[in-house]
Amino acid sequence: MNREAPLVRNFVRNTYHRVADTLGVERYQSVPLYLPGDTLVPERYGRDGTLACLRGMEGSFDRIFPITLEDEWLVPRRYLKRLDDSTAFNHVVFVDRLDQNITTLERVDKGHWKIRSMNPATTGRHAPPYAQETPLGMYLLQQKKSRMVFLKDGSAATGGYAPYASRFTNGAYIHGVPVNVPRTEMIEYSWSLGTTPRSHMCVRNATSHAKFIFDWAPEERSLVVVIE
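Just so we're aligned: 102 in UniProt numbering is position 102 of the sequence shown, and the numbers increase by one with no gaps anywhere.
In short, the hints are calculated from the structure, not lab data. Built from N, CA and C at the ideal position, the CB exists for glycine as well. Any given hint could turn out to be false.
To be verified - Derived Cβ-Cβ restraints for the label pairs, each shown as a range: (1) V12 with E228: 19 to 29 Å; (2) W216 with G171: 17 to 27 Å; (3) D153 with S60: 19 to 29 Å; (4) S86 with T184: 35 to 45 Å; (5) N14 with G194: 36 to 46 Å.
Construct the complete structure from the given sequences, taking the supplied hints into account.
Have a look at this one:
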């Protein structure tokens, strides 16, 4: 187990009463980033699923350059997952928080990309203590679940499932329309898609489009880019 990241030098309690750095990145499921020359206390957190270039090794730490951050940082090696040098990202999903839509692109040749789909979606909303925004950034598509079971807010009881879920950071998945208990059959569409943020952190799609992404985008070789 990687264990929970250590406390950063300067931390706050956010509106969800969770520990976060001063830039708003929560401690939970994040990577501790240390300044070069200081491996005692981390300076900030890096989001789960963020891509980084490996620049070197220093003892039990790796020296990295995160793609979406500035400068080099040291990270305990146990928090990183290395990808093969031959990894190529030919499948990219763009999520637009402002316009509430989702687009998929595929590279078919060098410098030649094709749009594979464009669909309405809904992203996460700021509604403590349970729902929060889908974080901006570029992430690795890390994991897939044909059915992602979720709990009722504030309860240990099962609330239902989200079909064709593809995880990219923390608890954020791209998935189909949620199915709440006691219902069991899938739901294709929701009138709210393409309107305003409604999810807990995930990106909600028409179920057929979530299945398309689930089948089309290979794990650990696809990117999810959240913009605004």
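Falls inside 17 to 27 Å, the C-beta gap from W216 to G171?
Since W216 and G171 have Cβ atoms about 23 Å apart, the given range 17 to 27 Å holds.
Given a hint of 19 to 29 Å, does the C-beta separation of V12 and E228 actually sit inside it?
23 Å, holds
Could you see if the CB distance from N14 to G194 stays within 36 to 46 Å?
Distance hint for N14, G194 is violated at roughly 29 Å.
Is the gap between the beta carbons of D153 and S60 within 19 to 29 Å?
39 Å, violated
A range of 35 to 45 Å was offered for this pair. Does it hold for the Cβ distance of S86 and T184?
Cβ of S86 to Cβ of T184: about 42 Å, so the range 35 to 45 Å holds.
In this structure, the earlier hints numbered 3 and 5 are contradicted, and the remaining ones agree with it.
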